[in-house]
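Heads up: the sequence lines are chains A and B, in that order. Here the first sequence stands for residues 1 to 380, numbered as in the working numbering. Here the second sequence stands for residues 1 to 380, numbered as in the working numbering.
It is worth saying that the hints were derived from the structure and are not from the lab. Check each hint, because a few of them may be wrong.
One copy or any two copies: either way a pair holds, since identical chains are not told apart in the list.
Here are the computed lysine-lysine pairs in the DSS-like style, where the Cα-Cα straight-line distance is at most 30 Å [what the hints assert, rightly or not]:
{"id": "1", "residue 1": "K168", "residue 2": "K189"}
{"id": "2", "residue 1": "K104", "residue 2": "K358"}
{"id": "3", "residue 1": "K358", "residue 2": "K185"}
{"id": "4", "residue 1": "K60", "residue 2": "K111"}
{"id": "5", "residue 1": "K358", "residue 2": "K135"}
{"id": "6", "residue 1": "K41", "residue 2": "K249"}
{"id": "7", "residue 1": "K185", "residue 2": "K63"}
{"id": "8", "residue 1": "K359", "residue 2": "K104"}
{"id": "9", "residue 1": "K158", "residue 2": "K359"}
{"id": "10", "residue 1": "K104", "residue 2": "K60"}
{"id": "11", "residue 1": "K22", "residue 2": "K158"}
{"id": "12", "residue 1": "K4", "residue 2": "K168"}
{"id": "13", "residue 1": "K10", "residue 2": "K140"}
{"id": "14", "residue 1": "K135", "residue 2": "K111"}
{"id": "15", "residue 1": "K43", "residue 2": "K135"}
{"id": "16", "residue 1": "K113", "residue 2": "K10"}
{"id": "17", "residue 1": "K32", "residue 2": "K330"}
Chain by chain, the residues run as shown.
2 protein chains.
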Amino acid sequence: MNNKFEFDLKDLRNKIDNIDEKIFNLINERLKIVENIGIIKNKNNISCYVSKREEFILNKLNKKYNKYISYFTISSVIKKIMYESYIKEIYCNNNISNNNNSIKIIFIGGKGKMGSIFKNLFIKYNYNVSEINSKDWENKEEKLLNSNLVFICSPISKLNFVLENIYKYITSECILLDISSIKEKSINKMLNIHSGPVLGLHPMFGPNIRSITKQIIIYSNGRYPEKYKWILNQFKLWGVFIYNLDSNKHDNYMLHIQSLRYINLFMLGSFIMNKNLNIKEIFKISPPIYKIYLSILCKFFSGDINLYLDIIYSSNKSLNLFDEYINYTKNIYNIFSSNKKRNNIINIFENIKSWLNKKNIKELSDINDTLSEEIIINNF
Amino acid sequence: MNNKFEFDLKDLRNKIDNIDEKIFNLINERLKIVENIGIIKNKNNISCYVSKREEFILNKLNKKYNKYISYFTISSVIKKIMYESYIKEIYCNNNISNNNNSIKIIFIGGKGKMGSIFKNLFIKYNYNVSEINSKDWENKEEKLLNSNLVFICSPISKLNFVLENIYKYITSECILLDISSIKEKSINKMLNIHSGPVLGLHPMFGPNIRSITKQIIIYSNGRYPEKYKWILNQFKLWGVFIYNLDSNKHDNYMLHIQSLRYINLFMLGSFIMNKNLNIKEIFKISPPIYKIYLSILCKFFSGDINLYLDIIYSSNKSLNLFDEYINYTKNIYNIFSSNKKRNNIINIFENIKSWLNKKNIKELSDINDTLSEEIIINNF
């Protein structure tokens with residue numbers, strides 16, 4: 001009897017292994033076709049990511065298979081395959097025209113991880129790329145001669161130094177661009193020192209991305225936007241989502257997205273260390289949402305404190321906001337610590353809830369279910 | 001010329017559409033085989049999730065395809081398909097033996113979302129399931145007669161009421177089990193009122209899960225563990241990861257995982273509301289990690305404040321920990337606000353970093369890259 005069931009199980013599992021192999025052969029076949037699509041798209045200035053095409057594929061598959069396979073699985077499997085396809089399209093394309101070769105781009109700080117992401121793409125797409133590193137400042141004059149774009153990837157703290165060393169050698173036609181996290185100061189510095197086109201970018205991603213496609217880049221206009229339109233177009237062809245924000249508004253948002261978040265994580269991390277919590281064990285037994293919480297914390301502490309501090313101290317507003325937040329927490333504590341105020345807490349909670357609902361954030365809280373399932377599926 | 005390239009693109013896209021259809025036909029075929037595997041496994045007490053089999057499949061595919069397809073895509077595509085398979089195995093299996101029918105289970109609070117998850121599974125697996133709801137307390141004596149397990153899914157605040165109403169009608173052989181979030185108090189209550197087997201469970205998942213497979217359930221022993229071993233075994237057969245924690249240790253961990261997190265999110269949410277930040281716009285332009293942060297916040301406020309408060313107020317330790325945390329934040333603020341202390345901050349940061357590294361949390365921070373890519377791929 002036991003032998004019988006083991007035999008049956010083995011037989012069925014062999015069938016499954018064959019099917020899995022067929023599936024991955026097909027994915028492989030798909031990726032080969034995609035490379036040809038990449039060539040056509042590149043020749044005809046079509047973005048590697050076409051949202052309508054993605055929707056079309058997803059809807060078609062869902063219509064046909066949702067009786068048998070859940071929407072969640074259909075959409076996540078095909079989206080993964082499509083994402084791999086975008087990577088193939090832009091990174092494996094060896095058939096790119098030489099039209100870009102007439103555009104001379106100088107990277108400063110292009111050896112860093114973030115800089116490399118940009119530099120390597122511009123090289124791949126046959127731009128005339130060279131770079132100036134901390135070690136070859138003496139050749140800068142020669143390198144900067146006739147450059148069309150100076151692409152600065154250095155940390156904010158070094159921007160002044162970089163600008164003062166290069167501004168004499170670029171023409172007023174040359175585009176000056178930086179990717180630092182604070183935009184008002186950096187754009188103003190560039191505008192002051194240079195009379196030509198100025199553009200501020202802030203990539204909303206870290207150095208570990210596998211592809212630039214579908215990533216977000218915020219841009220703040222400096223001067224003569226029509227002269228650097230081609231750069232933004234190039235990003236669009238790579239499938240990047242670009243958003244325009246005024247540098248002041250950008251920096252105000254970043255007070256929350258960066259400064260307050262950094263300080264918060266710093267507080268929480270040091271508090272947990274002082275409590276000497278057994279993070280590994282807590283992680284193992286935690287619900288997905290707390291695992292995400294802990295992983296954000298650990299990611300933060302694997303980063304560069306100097307970069308965080310440069311951002312926090314780039315404006316007085318960071319510490320003011322932090323101060324305000326600390327005072328605020330005391331008020332919250334007072335409400336919580338008074339037993340009679342349970343109804344007050346409930347009222348505040350319901351106010352926040354309805355404020356959020358007015359903002360239409362249902363989809364936003366739904367993201368949790370997707371991420372939580374990701375944690376579960378991956379055995380994290 | 002234009003017509004030519006459009007024609008070529010259309011042709012290649014048709015080829016891709018055909019491949020995609022073949023892929024999903026194969027997935028569908030796989031799921032049908034899986035149903036048969038489910039039947040065999042159920043008859044022979046094998047878990048729907050077999051970690052070695054999952055590793056085997058993943059390694060085999062990776063070995064064969066990693067030259068052409070990234071590990072990330074191979075693993076996430078096959079894991080999604082396997083997860084769908086586990087769901088099929090345990091939820092679509094219509095061929096379950098009636099052996100379980102002799103075990104009589106009474107659900108209390110089984111109409112709630114969390115209760116339903118458990119109740120429906122026990123029904124599906126042919127246990128003799130009935131339930132007592134708030135509306136039929138008058139029939140409780142009859143229903144509880146000869147029950148083998150009373151499975152309590154009511155909120156913590158109602159546990160006393162439930163226990164006092166049922167204890168007279170169950171035998172000393174009956175297992176008493178609850179799933180509330182705080183274990184020490186609830187287990188002690190059950191031990192006091194009942195002389196038989198007592199088990200405390202805490203499911204580490206919310207009500208929106210698609211499947212119980214691979215989810216975590218913490219259990220704290222109450223009395224006579226050998227008598228309820230079959231329940232834990234049943235969970236294992238459904239692919240649940242069960243972890244044993246002493247109720248006191250469990251509650252101490254939950255101070256951080258639940259109480260401190262809830263109060264923190266409450267603070268942050270009300271702070272953001274008072275600032276009247278444009279959450280939708282911020283979400284749109286944010287990096288994945290901040291999107292995750294915001295989505296955790298919004299999920300929290302879509303929850304039940306009474307449940308949160310029951311948990312927070314279930315022990316004085318919550319508010320003490322919160323008080324400690326508030327005082328701690330002041331110290332951190334003082335360090336940050338003094339300009340001369342940049343080196344102090346760097347030192348603390350590096351201490352935390354190396355403390356975390358000693359704990360071997362590299363993999364933990366890597367999770368972020370996976371989740372961030374998920375955000376990107378899904379256009380969240």
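Taking the hints in turn, this is what the structure says about them:
1. K168 - K189: Intra 15 Å, inter 80 Å, cutoff 30 Å: intra-copy only.
2. K104 - K358: neither (49 Å within a copy, 47 Å between copies)
3. K358 - K185: For K358 and K185, the Cα distance exceeds 30 Å both inside one copy (35 Å) and across copies (39 Å).
4. K60 - K111: The answer is neither: 44 Å in one copy and 37 Å across copies each exceed 30 Å.
5. K358 - K135: neither (54 Å within a copy, 35 Å between copies)
6. K41 - K249: neither (35 Å within a copy, 59 Å between copies)
7. K185 - K63: neither (51 Å within a copy, 50 Å between copies)
8. K359 - K104: neither (45 Å within a copy, 48 Å between copies)
9. K158 - K359: neither (40 Å within a copy, 34 Å between copies)
10. K104 - K60: neither (44 Å within a copy, 46 Å between copies)
11. K22 - K158: The answer is neither: 53 Å in one copy and 54 Å across copies each exceed 30 Å.
12. K4 - K168: Cα proximity of K4 and K168: none, with 83 Å in one copy and 48 Å across.
13. K10 - K140: For K10 and K140, the Cα distance exceeds 30 Å both inside one copy (67 Å) and across copies (48 Å).
14. K135 - K111: within (11 Å within a copy, 70 Å between copies)
15. K43 - K135: Close neither inside one copy (37 Å) nor across copies (70 Å); limit 30 Å.
16. K113 - K10: neither (47 Å within a copy, 38 Å between copies)
17. K32 - K330: neither (60 Å within a copy, 58 Å between copies)
Going through the hint list in order, the structure does not satisfy hints 2, 3, 4, 5, 6, 7, 8, 9, 10, 11, 12, 13, 15, 16 and 17.
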